[in-house]
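**Q** Spelled out from the first residue to the last, the chains are:
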Amino acid sequence: MDETKRADELVERTLEGDLGAFDELVVMYEKRVYNLALRLTRTSPDAEDATQEAFLRAFRGLAGFRRGSSFFTWLYRIAANCSITRVRSRARRAKLEAALASPEEDANPDPPDPRTETPDEGAVREERIALVREAIDSLSPEHRTVVVLRDMEGLGYGEIAGVLNESLSAVKSRLHRARGALAAKLRKVLA
Amino acid sequence: MTDGRCEELREDLSAYVDDELGADARARVEEHLRACEECRGELERLRKLVRLVSSVPREEPPAGLREKISARVREEPRPRRLVPRMPWWLMSSAVAAALVGVVALAAVLRVVPARTAAERKPAAAPRPSEAAEDARRMVARDAEEPPAFEAKRKALPPAPRPAAPRALPEKKRGTVARAPRRLQRAREGLKEEKARAVSGLTRTPAPPEPSRPALGLPFAPSPEESERARDVAEAELAKVDESTAMKSAARAPAFAMGKAKEEDKGSAAGRFLELAAGSFEEAVKLVRLAARDAGGRLERADDAAGELVCLIPEGRVSGFAAALSPPGGKARRAPEAEEAPVPGARGRERRVSAVEYEKGAEEAQKLRLVRVVVRVRIRRP
Chain B
235 MDETKRADEL VERTLEGDLG AFDELVVMYE KRVYNLALRL TRTSPDAEDA TQEAFLRAFR
295 GLAGFRRGSS FFTWLYRIAA NCSITRVRSR ARRAKLEAAL ASPEEDANPD PPDPRTETPD
355 EGAVREERIA LVREAIDSLS PEHRTVVVLR DMEGLGYGEI AGVLNESLSA VKSRLHRARG
415 ALAAKLRKVL A
Chain S
298 MTDGRCEELR EDLSAYVDDE LGADARARVE EHLRACEECR GELERLRKLV RLVSSVPREE
358 PPAGLREKIS ARVREEPRPR RLVPRMPWWL MSSAVAAALV GVVALAAVLR VVPARTAAER
418 KPAAAPRPSE AAEDARRMVA RDAEEPPAFE AKRKALPPAP RPAAPRALPE KKRGTVARAP
478 RRLQRAREGL KEEKARAVSG LTRTPAPPEP SRPALGLPFA PSPEESERAR DVAEAELAKV
538 DESTAMKSAA RAPAFAMGKA KEEDKGSAAG RFLELAAGSF EEAVKLVRLA ARDAGGRLER
598 ADDAAGELVC LIPEGRVSGF AAALSPPGGK ARRAPEAEEA PVPGARGRER RVSAVEYEKG
658 AEEAQKLRLV RVVVRVRIRR P
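If you read the sequences in order, they're chains B and S.
For the first sequence, this note's numbering gives the first residue as 235, with consecutive numbering after it.
For the second sequence, this note's numbering gives the first residue as 298, with consecutive numbering after it.
This is chain B alone, in the form it adopts within the complex (with noise of 0.2 angstroms):
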């Protein structure tokens, strides 16, 4: 069955009081709404809080969720909102926003890493996915989201707008700067 169909199924047996069907789209979309509220909160443990308090928002406000819309963009929505009012509720917020004042490109871009030397290949790769990882943690989290959505999470450009509730070409203008802040930090990578 489709995916969306699925989703759809799922929530209208939720509303009907069968809670086995949230724990489906749990497990459906638990380690998606992760990965995304990891890049986004940038710690594990706040991506799991992020996590869960996105599905239990979501599931207080199943009721208003409209069908023939995508729940996964609005589980997504709710969990980009999760985890960026959980980053900028936190203690390092200041830390945050010091290292936002100076341009992303004046950044570091390509810090030297002895590692990469090592000649076992999928240590490399490992290292690669380290610092592609570090390069996105490092974006404002603007550019962050759009870039996680887009090239980690595979959203379309409809999907994200809906999700950041944005104009289409606000999205496109948004992920154009964001790539070229990525670049500028992943410079050597891409050499």
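Please keep in mind that the hints were generated in silico from the structure rather than gathered at the bench.
Fair warning: there could be bad hints in the mix.
Once the Cα atoms are required to be at most 25 angstroms apart in a straight line, the calculated DMTMM-like pairs of lysine to aspartate or glutamate come out as [claimed, not checked]:
#1 B:K265 x B:E287
#2 B:K422 x S:E339
#3 S:K345 x B:E246
#4 B:K239 x B:D280
#5 S:K365 x B:E264
#6 B:K265 x B:D242
#7 S:K345 x B:E387
#8 S:K365 x S:E578
#9 S:K582 x B:E246
#10 B:K422 x B:E376
#11 B:K422 x S:E335
#12 B:K265 x S:E364
#13 S:K345 x B:E361
#14 B:K265 x S:E356
#15 B:K422 x S:E304
#16 B:K422 x S:E341
Derived DEER-like restraints, expressed as beta-carbon distance ranges [to be verified]:
#17 S:E579 x B:S407: 50 to 60 angstroms
#18 B:R421 x S:P374: 45 to 55 angstroms
#19 S:E328 x B:V261: 40 to 50 angstroms
Note that beta-carbon positions come from the ideal geometry of N, C-alpha and C, so glycine has one too.
Please arrange chain S on chain B, whose structure you already have, making use of the hints.
**A** Relative to chain B, chain S alone:
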């Protein structure tokens, strides 16, 4: 070759990589790319970046996360819209509209011979055809639930048999006159929020015949039925207006029980059942299954009010009740009204009591459904 167009098109380049450009913009970009080596290089870098980022695998969520979510969800109140097919308030107003139609039709038919009665309050009720049409329209709005739609269509008044001339009591006529206005308000969106309010049942002239919270579907407006239908319509409208009667549990069950006793003596059947349920979810599952087995359905489940409303075909109610009986015991009568659950005191008693009410129209035999309101009280372990 770099010119002003490069900057202009760079933004499109990102969307081009994602295949998110319209045909015109894509053609523009491709035309430029053919001529601009630098932008081709930029395109390659972009593609590489996208490949790199999308190659990053998702991380596994921490073990036990889904169980935590599952546990926390179970501590939450159920989402409010528990009958997705047709919001209960819409159902109520649709039924009310149908009932107003019945009442009005019956009133008109009576009024022809009893002109003087009619002249006291002319044009108080909507024209029956209008009311019926309204109800049809409202019911038709929810195209996703053919059975409900069908049931409601059947519930709409057929050609009534002529009724004996009888003047309406002034109070009751007032009730009928209020109905369309309140129905209108109901349509304008009085929903669950209103359900927090105290019951509006007291507004109904109570004695000697209080309106009832349980509702049978009228099929032929005999004089008795029409009178009853007025009461039912009033009760339904009161629910829509200030909903729900069940919310103020102390009053509602007392009221309902009084009614049922009266019904026991009368022609229509009515009784109370007391049943066990472990939790509200369990009650929902149990009741839904039992209702389906009986050929009926769970119409509404309101966790906040602790009640489940079912429509059960007549003649299968006892089977339905038996299915809900506690294991090893048979359904027994509920205690007196004073023992009715206190509002907000959910969790004290493991108890489900059911109130049923049937209409008496013989010619509607094949269509009769019994509305069963199951009240749930759960003791948390």
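**Q** Does each hint hold? Answer for all of them.
**A** Evaluation of the provided hints:
1. Proximity of B:K265 to B:E287 is assessed by CA-CA distance (about 14 angstroms); at most 25 angstroms being required, the pair is judged to hold.
2. This hinted pair checks out: B:K422 and S:E339 have alpha carbons roughly 15 angstroms apart, not beyond 25 angstroms.
3. For the suggested pair S:K345 and B:E246, the alpha carbons sit about 42 angstroms apart, so the restraint of at most 25 angstroms is broken.
4. Of the pairs offered as hints, the one joining B:K239 and B:D280 is violated, with about 31 angstroms between alpha carbons and a cut-off of 25 angstroms exceeded.
5. Under the criterion of a C-alpha separation no larger than 25 angstroms, the hint pairing S:K365 with B:E264 is consistent with the structure, at around 12 angstroms.
6. This hinted pair checks out: B:K265 and B:D242 have alpha carbons roughly 19 angstroms apart, not beyond 25 angstroms.
7. For a cut-off of 25 angstroms, the pair hint linking S:K345 to B:E387 stands: about 17 angstroms separates their Cα positions.
8. Taking the CA atoms of S:K365 and S:E578, the gap is about 18 angstroms. The hint holds against a cut of 25 angstroms.
9. The suggested pairing of S:K582 with B:E246 holds, with an alpha-carbon distance near 14 angstroms, which does not exceed 25 angstroms.
10. Between B:K422 and B:E376 the CA atoms are separated by roughly 24 angstroms; this keeps the pair inside 25 angstroms, and the hint holds.
11. The suggested pairing of B:K422 with S:E335 holds, with an alpha-carbon distance near 19 angstroms, which does not exceed 25 angstroms.
12. With a C-alpha separation of about 13 angstroms, the suggested pairing of B:K265 with S:E364 holds against the 25 angstroms cut-off.
13. A distance of roughly 17 angstroms separates the Cα atoms of S:K345 and B:E361; the hinted pair therefore holds under the 25 angstroms criterion.
14. In summary, the hint linking B:K265 to S:E356 is supported, as the alpha carbons are separated by about 8 angstroms, within the 25 angstroms threshold.
15. A threshold of 25 angstroms between alpha carbons decides the hint, and for B:K422 with S:E304 the separation of about 24 angstroms falls inside it, so the pair holds.
16. A distance of roughly 15 angstroms separates the Cα atoms of B:K422 and S:E341; the hinted pair therefore holds under the 25 angstroms criterion.
17. Take S:E579 and B:S407: their Cβ atoms lie about 53 angstroms apart, and the range 50 to 60 angstroms holds.
18. The hint said 45 to 55 angstroms for the Cβ distance between B:R421 and S:P374, and at roughly 52 angstroms that hint holds.
19. Distance hint for S:E328 and B:V261: a CB-CB separation of about 48 angstroms, consistent with the stated range 40 to 50 angstroms.
Comparing the model with each numbered hint stated earlier shows that hints 3 and 4 do not hold.
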